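Chemist: Spelled out from the first residue to the last, the chains are:
Number of protein chains: 6
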Amino acid sequence: MDIRLVVPVLYSEALAEKARLEYQACASAGVNLSLVCVANGTNSIESEYDLALAQPEVMRLVQEAEAEGIDACVITCFGDPGAAGAKELVSIPVIGEGEAAICMAGLLGGRFAIMITQEELFPMMRKMARLVGMEHRLASVRAAGAGVLDFSLDCVPRVVDEAERAVRDDGAEVIVMGCTGSGGDMVPKIEEALKQRLGAYVPVIDPVLAAMKLAEGLVATGMSHSKVAYPTPPAARREYHFNAG
Amino acid sequence: MDIRLVVPVLYSEALAEKARLEYQACASAGVNLSLVCVANGTNSIESEYDLALAQPEVMRLVQEAEAEGIDACVITCFGDPGAAGAKELVSIPVIGEGEAAICMAGLLGGRFAIMITQEELFPMMRKMARLVGMEHRLASVRAAGAGVLDFSLDCVPRVVDEAERAVRDDGAEVIVMGCTGSGGDMVPKIEEALKQRLGAYVPVIDPVLAAMKLAEGLVATGMSHSKVAYPTPPAARREYHFNAG
Amino acid sequence: MDIRLVVPVLYSEALAEKARLEYQACASAGVNLSLVCVANGTNSIESEYDLALAQPEVMRLVQEAEAEGIDACVITCFGDPGAAGAKELVSIPVIGEGEAAICMAGLLGGRFAIMITQEELFPMMRKMARLVGMEHRLASVRAAGAGVLDFSLDCVPRVVDEAERAVRDDGAEVIVMGCTGSGGDMVPKIEEALKQRLGAYVPVIDPVLAAMKLAEGLVATGMSHSKVAYPTPPAARREYHFNAG
Amino acid sequence: MDIRLVVPVLYSEALAEKARLEYQACASAGVNLSLVCVANGTNSIESEYDLALAQPEVMRLVQEAEAEGIDACVITCFGDPGAAGAKELVSIPVIGEGEAAICMAGLLGGRFAIMITQEELFPMMRKMARLVGMEHRLASVRAAGAGVLDFSLDCVPRVVDEAERAVRDDGAEVIVMGCTGSGGDMVPKIEEALKQRLGAYVPVIDPVLAAMKLAEGLVATGMSHSKVAYPTPPAARREYHFNAG
Amino acid sequence: MDIRLVVPVLYSEALAEKARLEYQACASAGVNLSLVCVANGTNSIESEYDLALAQPEVMRLVQEAEAEGIDACVITCFGDPGAAGAKELVSIPVIGEGEAAICMAGLLGGRFAIMITQEELFPMMRKMARLVGMEHRLASVRAAGAGVLDFSLDCVPRVVDEAERAVRDDGAEVIVMGCTGSGGDMVPKIEEALKQRLGAYVPVIDPVLAAMKLAEGLVATGMSHSKVAYPTPPAARREYHFNAG
Amino acid sequence: MDIRLVVPVLYSEALAEKARLEYQACASAGVNLSLVCVANGTNSIESEYDLALAQPEVMRLVQEAEAEGIDACVITCFGDPGAAGAKELVSIPVIGEGEAAICMAGLLGGRFAIMITQEELFPMMRKMARLVGMEHRLASVRAAGAGVLDFSLDCVPRVVDEAERAVRDDGAEVIVMGCTGSGGDMVPKIEEALKQRLGAYVPVIDPVLAAMKLAEGLVATGMSHSKVAYPTPPAARREYHFNAG
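Residue numbers (this note's numbering), protein chains in the order written: chain A, 1265 to 1509; chain B, 1265 to 1509; chain C, 1265 to 1509; chain D, 1265 to 1509; chain E, 1265 to 1509; chain F, 1265 to 1509.
In isolation and in its complexed conformation, chain A is listed as follows (with noise of 0.2 Å):
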């Protein structure tokens, strides 16, 4: 099983290889991965703006990957640039961070809280709770004060004071990371830490898994999503307008 990590940000060393190494982490045995970054883009994603940037090549990417016989795409950003126009280009699964970790909150309680770096995404959070039709289960969403790319373990007491205020305060019953890079040992060192304050297990979704994990049960089972909610666009059209890249 072949499956493509498309990385709405511009290639840093670092970076793409985080994504690598944590994607790679959790994929069952006999799944190959490989990763491409936008060319044109941002160093990372912050705002409506950055994601509307990423779009076109992300699309493109994905177009690329099936091309070449790639099993499912997966977008690694919360935001999901482009994934609702790169699954009407395409037949495979294109999955998002963002839909997948919310579709997994969703499964796993009854109220989820988002927590990300900064307060000025808040908006942009609860647009993507919207977006996937939950909004209404969004017991809220806080902030762990740190920019996107300062974003690491050290970040990880404020997370557990926010996480713990997210389900003593808010209602939340499951905690969403929002924030990719957040990295594969943190949300364990989180998970147990917030144990230890409330009493009692709360998950708390690492994007990544989620994204994984989906992408293989739906090439597994040879699901994709549904052509009536992503129509292909006219085939002529495509063809010769496509200059944006």
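Because the hints were derived from the structure by calculation, they are not lab data. Small disclaimer: the values here were computed from a predicted structure and weren't measured. A hint or two may mislead.
What the hints assert, rightly or not - Okay, derived cross-link-like pairs now, EDC-like style, lysine to aspartate or glutamate, Cα gap no bigger than 16 Å in a straight line:
id, chain 1, residue 1, chain 2, residue 2
1, A, Lys1459, A, Asp1425
2, D, Lys1453, D, Glu1399
3, B, Lys1391, C, Glu1399
4, C, Lys1453, C, Glu1426
5, E, Lys1391, D, Asp1418
6, B, Lys1459, B, Glu1428
7, E, Lys1459, E, Asp1414
8, A, Lys1391, F, Asp1414
9, C, Lys1391, B, Glu1428
10, F, Lys1282, F, Glu1399
11, E, Lys1453, E, Glu1428
12, E, Lys1453, E, Asp1433
13, F, Lys1391, A, Glu1399
14, D, Lys1391, E, Glu1399
15, A, Lys1453, A, Glu1428
16, A, Lys1453, A, Asp1418
17, C, Lys1459, C, Asp1425
18, C, Lys1453, C, Glu1399
As the list claims (entries may be wrong) - Residues on chain C that point at chain B, a partial pick, calculated with CB under 8 Å:
id, residue
19, Asp1314
20, Gly1346
21, Ala1348
To be verified - The following label-pair restraints were derived from C-beta to C-beta distances:
id, chain 1, residue 1, chain 2, residue 2, range
22, C, Ala1289, B, Ala1331, 21 to 31 Å
23, F, Asp1425, B, Leu1417, 37 to 47 Å
24, C, Ala1289, B, Asp1433, 46 to 56 Å
25, B, Pro1452, C, Asp1434, 35 to 45 Å
26, D, Ala1331, E, Asp1414, 48 to 58 Å
27, A, Gly1294, B, Leu1417, 30 to 40 Å
28, F, Leu1285, C, Asp1434, 33 to 43 Å
29, D, Tyr1275, E, Ala1331, 47 to 57 Å
30, A, Glu1456, B, Lys1282, 39 to 49 Å
31, E, Ala1289, F, Leu1285, 26 to 36 Å
32, F, Leu1285, A, Leu1417, 56 to 66 Å
33, A, Glu1332, B, Pro1452, 18 to 28 Å
34, F, Asp1414, B, Gly1463, 18 to 28 Å
35, E, Pro1452, A, Glu1281, 45 to 55 Å
From the three backbone atoms N, C-alpha and C, an ideal C-beta is built for every residue, glycine too.
Take the given structure of chain A and dock chains B, C, D, E and F to it, following the hints.
Modeler: Then chains B, C, D, E and F, alone, in the frame of chain A:
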């Protein structure tokens, strides 16, 4: 990975073996499946009454599974009988077919229709969608006009007719099979016929596949349901009053 | 008019007599009350698990009540265990305390809070509100910090504190007592204290009163639940597979 | 127990006596009914305009009723004209037929349809359902095709046709009669005919019965609307500016 | 373009002239403003009761305006008294300040808070938001702690405090002034102070401006409210029963 | 007042001049219109893919407009491509035709239908309604059965047929034209024909008029979108990574 199928109806060779085969057919390599049926209950689940009767034993069987070291349980019925109570009792993942199928539907399109055997089940299906918080995306419920125990490949043409109407008239983008026992062969046939008629692929979600893949994904990643959402019932009481079975 | 109280917990003199007295105190002239308890179940209902355990007998007891010529049944628990299945089995009105109380709350104000014993019950209460279609009017759930079996007049001060916060901080306009066994004396005391603090009357809904008056009203007018919403389960199956009790 | 019927249309012997008889027929023993009509208003309520015209006098009549020692008021119109303002003015229960009927519908099934005289009233009915917070359970509004003042037993066949369609095509599980003056005889006839056609009992809610029983229940239990939801208007202003009647 | 301001409170020189000035200040060139007050009503609108009292005359005044050839009416009160009935009576645009302000709020951000004078008005504001179908975007209602008639520039600091809390604590992205008479000077001061504190521009919507610009826009484009949504009441009845004024 | 039309499709004389004429026809005196087209993109917007491709340039063109001192931008497409990102980049009002039209629909009636060219666009239209928070008032989406580029006055009869069905069968009270290029002549013709058939005026909202009047109103009053809802993206990153155009 050991996954236990908890069948919430009385054992019959036909039905239990059919369930085992369907699940076996889509299990990943390395998954050991086992199957138990309730000893008290009904031959099929076609009402709230049937759901309620099945619940005490389903919960007990899930509890036993965890005690035996099983990694996850799947309740093999779209109505998810006993799922909430079972999640309270155990820490291992417990997946109902209904919540799994609706969760996958939400990922593959915006609005879904549930296909069920009889019109009498419409209110129960709407309640299912409400319970998992997706009623606002339920385009319609439609019936194939056969009893649960008579549901077979002969019903395919009627299901395809109703599914086509769900897409064309009700705005469904995904079809969710709300009846188990519909068989592993059935869904691909429906999907294919529907594609012929609509000129576009519409996912027809088999609850068996959805439940199996989500269960595997949860075990593989160590995720499970929130114990804040499903707190463990007070232990003392649980010990000695469990005499309903 | 004969009304049967179906108590979904194991018989204890204290608890059963208390329920009988509370209901007797608010029954209209000409109402004959009788009371039955489940023989299998738990001492109190504090989880989804407890709810599920109680359901098979509750349904059977309601069916027996109809066979005896009883005019209506009240399930004396806020969680309404077995109510949906029982409504399928019979034509006489079946009222759960929870649905009755929330229904009255909707009539007396725009937004309500549910007062419950323990925080562990918050998710179950939110699910209750969702099931009766009133989650969007649920201002909050608040806990008095006592176990169900320890809930007594001693808890009044804490309940009043939490109710005041529900009104001032959460925007509740009506308080719904989510714990039975709270006693006939309790509610007037809470209402009075709350009026002192807020300078305005806020209804504190006693589920006992709500259920009793709705049951009486339905019997008096000949109304009952819809058999399209709660269709009778197929008769043959019902006859001989009912061996869960 | 003294209950005052506040009729929000101009007095006519036929109409007022009809209302009195319908309410008398379903009043419990010991209920004293009295009836007043507005002196300024219209002959029937068929628009938002009619509703608004009736409101000042309805509020004044309710205030007078409380001053006379009446225990509860029922506003005998599905549109509940003046109900919100009247609740602000008084402490005794004030029940509108519309809110009472929709409240009972929510108790007896999951989704309801409103049956009304003319299509022109559809938007007003949808607004009614939204105001009482139940729009998400409104399956449809359907019209019997007669003016409010021409609504009589002759309309039963058309009502039954439309009610059947509401159940079969729109997914209604309960029918709410949205037109008063439909008479005590009418509802049982509709219910019976509907049962014949559907093979199942579907409650047809008579707003008269619903309002009467809820009013009686509130008086019997000492409950009334929340004064936080309906705060008393500043007294001084109320004294001398009330010259709209 | 002739626009009529319909003031739903009793005439007082201070208040009527203030309204005229505020509207004049934001009217486009070529707009002729005229103003009428109700002759029966209250000095201010602070309750559902006040709203209801004002409605009959507001509707009559709007009808007169259309007869005089006026192009559009604005009802100068956030509670929109008589707006629905007036829309039924006439074909020219009728705009209430509340619906206009909430409509603009929806355009300028995702979630809004309503700033009002007193806490007693919270339920009425929530009902307003529900009526215009935007309750799900209402982040909170907050009170400046002054009576409507005492509301003045002195209240600005308190309003700014509450607006800041609405943004920081409640997740509001836009502030809607829910009290008229707040004055043309007030809103810019609040906006400026808020920008200082938050470091970002948050629109503070003045209902006067919102209503004026929407009224002008409708007249300029020939659009008006739907007569299917607001059908004309039966003419005959309207002629001779209108004696409430 | 300088308003810039940002056309998110490739320049063609026919289309660009048509847009300019339509907007010019409804601009108020004193409005200076200018128009720019994207240089990379597609000939029409008929998919999520097309929307995404247009976004980077739309955002850049809006940013340029602000730098030139333009007062407001209108994105001349119902899908509002790039609107969210553009609002982040600038402080001047940015209005998309879709959000403008849906906003006006909400003001003129309770429920609206969107009229679009092809059925393939139904899911995208439903998503549009969800994004602006009005999905609960969307009665239906209906298609005129023509490609976007073939949409012309010839389509009027089909549009009228579908609009009539939207009103009669789906409960729409307002029609929103979801396709631009529908032309200034078209909407009055549809409105007139619809009035003939229904016997009542139903507003048919032309997104051009709605967007133009809202843009003018915002500029006239100094209002703009919330910078808490649309925070400015971090400046440094914005400088040098914008190479997607």
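Chemist: Taking the earlier hints as the rules, which of them does this structure contradict?
Modeler: 2, 5, 7, 8, 9, 10, 12, 18, 22, 25, 26, 28, 29
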